[in-house]
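J.: Protein sequence lines, in the order shown, are assigned to chains X and Z. Each residue of the first sequence is one higher than the one before, starting from 819 at the first, in our numbering. Each residue of the second sequence is one higher than the one before, starting from 6 at the first, in our numbering.
Think of the hints as simulated: they come from the structure by calculation, not from any bench. C-beta atoms are modelled at their ideal positions from N, C-alpha and C, and glycine is treated no differently. Treat the hints with caution; some may be incorrect.
[To be verified] Covered stretches of chain X, as calculated for chain Z (at least 3 residues, CB under 8 Å):
id	segment
1	1066–1079
2	1192–1202
[Claimed, not checked] Reference excerpt, derived from the structure (chain Z facing chain X, CB under 7 Å, subset only):
id	residue
3	Gly59
4	Arg62
5	His127
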Amino acid sequence: MTMEPILLRARGDKNSRTLGSYLKRGGYKALAKAIAMDPEEVIDEVKASGVRGRGGAGFPAGVKWSFVPKDLAKPTYMICNADESEPGTFKDRELILVDPHMVLEGIAIASYAIDAHTAYIYIRGEFVRETEILVKAISEARRKRYLGSDILGSGYELEIHIHRGAGAYICGEETALIESIEGKRGLPRLKPPFPAVVGVFGCPTVVNNVETLACVPHIIERGGAWFAAIGTERSTGTKLFCVSGHVERPGVYEAPMGTTFREIIEEFCGGVRGGRELKAFIPGGSSAPILPADRIDTPADFESVAEAGSMLGSGGVIVMDDTVDMVWALENLLTFYAHESCGQCTPCREGSDWALDVVRRIRRGQGRTKDIETLQRIARFASQGMTICPLGDAFCLPITSFLEHFGGEFEEAIAGAEQSVSTHLPVLPVRSDQALFEAEEVGR
Amino acid sequence: MITAMIDGQQVIVAEGTNIVEAALKTGVEIPTYCSHPGLSVVGQCRICFVEIEGMPRLVTACSTPVQDDMVIFTNSERVREARAAVMEFLLENHPLDCPVCDQAGECGLQDYSVEHGLDTTHMIDGRRTFPGFERRTIGPHVIQNQNRCIHCTRCIRFTTEISETADLTMKSRGNHSYIDTFDGAPLDNPWSACVADVCPVGALTVQEFRFRARVWHLEETGTVCPGCSIGCNVNLGHLDGVVHRFVPRANPEINGWWMCDYGRFLAQGLNDRDIDAPLQRTDDGERAISWEGALATLAALLQASPKPLVVASANFSNEALYSIKRNLLESSGMVVVVPVDAGGQRRIKNGRGEWIDGIDAHPNSTGASHLGLAAVDAVVLESYIRDGDGPLLILDAHAHPWLETEAAAAAAAGRPTAVMARRRTPVSDAASLVLPLASWAETEGTYTSSTGIVQLARRALPPAGQARPPWEVLHNLARQLGHEQQRIMSPRVLFAEMAAEVGAFAGMTFGRLMTEAGMPVHEEARGVG
């Protein structure tokens, strides 16, 4: 690694999760410093750092905080989004496992900046161990007055509640997450109004990703300018990259923004497994468009990846070697999105399942020439604002990018329909409509 | 006020008006499924896309308020493409069973698919189905076919926002989500059939109307519900002289877009008729009699005694009640009582989301009170009938539930009795003169709601057999009694005379009631009701 890790500095430390260990690393100093500052100054410092949302959208965090209306009679709320469910993304879990107090400190500073006295951690339901770790960390911090009433003797009060998700990917979308906290079905809301104005319980709310909040204590402690100096001009700081797939050493790696994917894949991860050829990689979690092997020298920052035709997203790098059947890979992705569509908007509800049907049929050797056109049509009309939330784009971008870069494989599969391609691959546990339905509560 | 351009036409609307409503003002209908004027906005069906100058993306018209100087295109190339695509998505899994679907003819999917859809599909894979949910009775009145559902959630929003009973909910997720009753309890609330009205497709249909008639054959007549004093506006659907259904007719002041199940299912009862010709009963037995003869007999009967008792009906129109007041009460000095029954508790939500409570079981008790007729309950009515021996004229055998009992017949025994009736009752079976009464569907008139709105109920059908509407019978009776000249009479003429004389109706005309939703009674009369 080319630089000292910041977010993962405690990795390898045996007791890194305990408050004692965190204090030894200088923990909660940033909180003390922030509370001595004016909330406006805290926001300005975060703005100066240029830190952008690490959940995938890349919106500048300080700007998001400044949207919260001041002097309202209503309370404001802070929400930490730990509903990490995007396939190929597992960095928030690592942060919670390694350094839960850093996350809590980030939440506390952010809450102070927006004058919130209640914060929620919305954590993915499957993260049982991580939930336990956070519960323990919160109680440790409360006992030592880093949380609760009268934090560090300043009179500032903050309670952090943990809300566990029930297994829906869509609840990672901030307005669906808010609905879920309110006890409703996790369906994304129409925007505007945005959560900064009307969020949870109708009050101003800021939703930030775990990694974004984990950056905050470092920004306050060492200054926005220090943070801004790391990475590229418009993508500042370090980023966690979760590398999965066909590499020798998959895992979470921290590197400054702008590190190339070649460095990430070849140096950090020891290259493609067994010395095979790289075929393609998805740079930012499964909803980001796939890139062919020749884009491996793309720097991993928001602008460069966008220029290369994809998204930095959450930093979930999925690596595929030359054994991968791209029709099968797309079917795999679509299976996930068809299962996770909330069912609210027509194009996404109908389109995700339809696209899956078509791709599944192509892989089974029953493709038709018109299928490519059908897929393109679905992808065109279920994305780009045709739906309330970006889940439409999330399943359409893979479709268009797979067809763009690997369309030949789809055409081949369709042309050789009789020869039944890719039967050597395992059959995915795809949902047969009927079987699923009978298995669920309906068949009473 | 806000000025905007819609398809090149200028439109001026109040602030907060959404694009769908604003477009309607210019005569442009933007297709909608999930959006309903009486329900909250969810913007999820995505059929109502429009293009706004300067905005990179299409926006949903239902969820976008018009802003000053907005330039909106509802029919641009981009909009047409997007609409056709959404239409194709909706039809991707929708069964092509229109020939056996009861919604056909009033189906949003059919209508917009012709207007905005493609004439072909890209879909060659199998359709999603919901085994066991094709014909499911989910409550006393509603049948669900989940295969046809387009997930607009109007029915769910109706039960949470309007009936406030939260009977329906969405279960599962994505393309497999489906409507189910909450916790498996039946959809049983006083307004449950409204979910079938708001359903834009054939996923929810009304058990009582299913497969009785194709809706494009039905004739619809705008009338008022006879079920209680609220006076919900309804359309009466009939075919070949048979009444098939009531459906609510929008009136923001009274019933919004809704009606209760009790009122709705009175419709089929309007077809019941046992008595279709005048009948005279003497010691020699029963014999048919002409209307002329019957009215002459009735007039002679009433004039034979100084104190005849007239039992009027709070189910009669203002015109009929006015005729009673003028000719029987004032000119003849008869005793007139109007029986009023409290009935069941009825409520409805108006267009502003406020509950209106019914005060009794009659569509015109308020009108009767404005006309100064004496209301009586069952106990007082019984004493009136029992304690006299003069002739008894019961103008509506169905005016009060007590009048239809054996007890009423016993109380009337010994008095020479004339009855107007539609169905046989113990009283009509014993009466010396029985006259056929026109049903609600067979008479035209105005009714005053409990909130003081005078509304017109139109005639849907000609009276069956020799039945006659009450106002006509009363006019002819008045002629026999010598209080009326021979002249052309109609509800319109009666209304004009009533408006000139009775304060509550001052300033109203029948013609305006025919074109307007209803007119509030004169200020001074409000206290009386």
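J.: With reference to the structure, classify each hint as holding or not holding.
T.: Here's how the hints hold up against the structure:
no.: 1; hint: 1066–1079; result: violated (count 0)
no.: 2; hint: 1192–1202; result: holds (count 6)
no.: 3; hint: Gly59; result: 15 Å, violated
no.: 4; hint: Arg62; result: 4 Å, holds
no.: 5; hint: His127; result: 4 Å, holds
In summary, the structure is inconsistent with hints 1 and 3 from the numbered list given earlier, while agreeing with the others.
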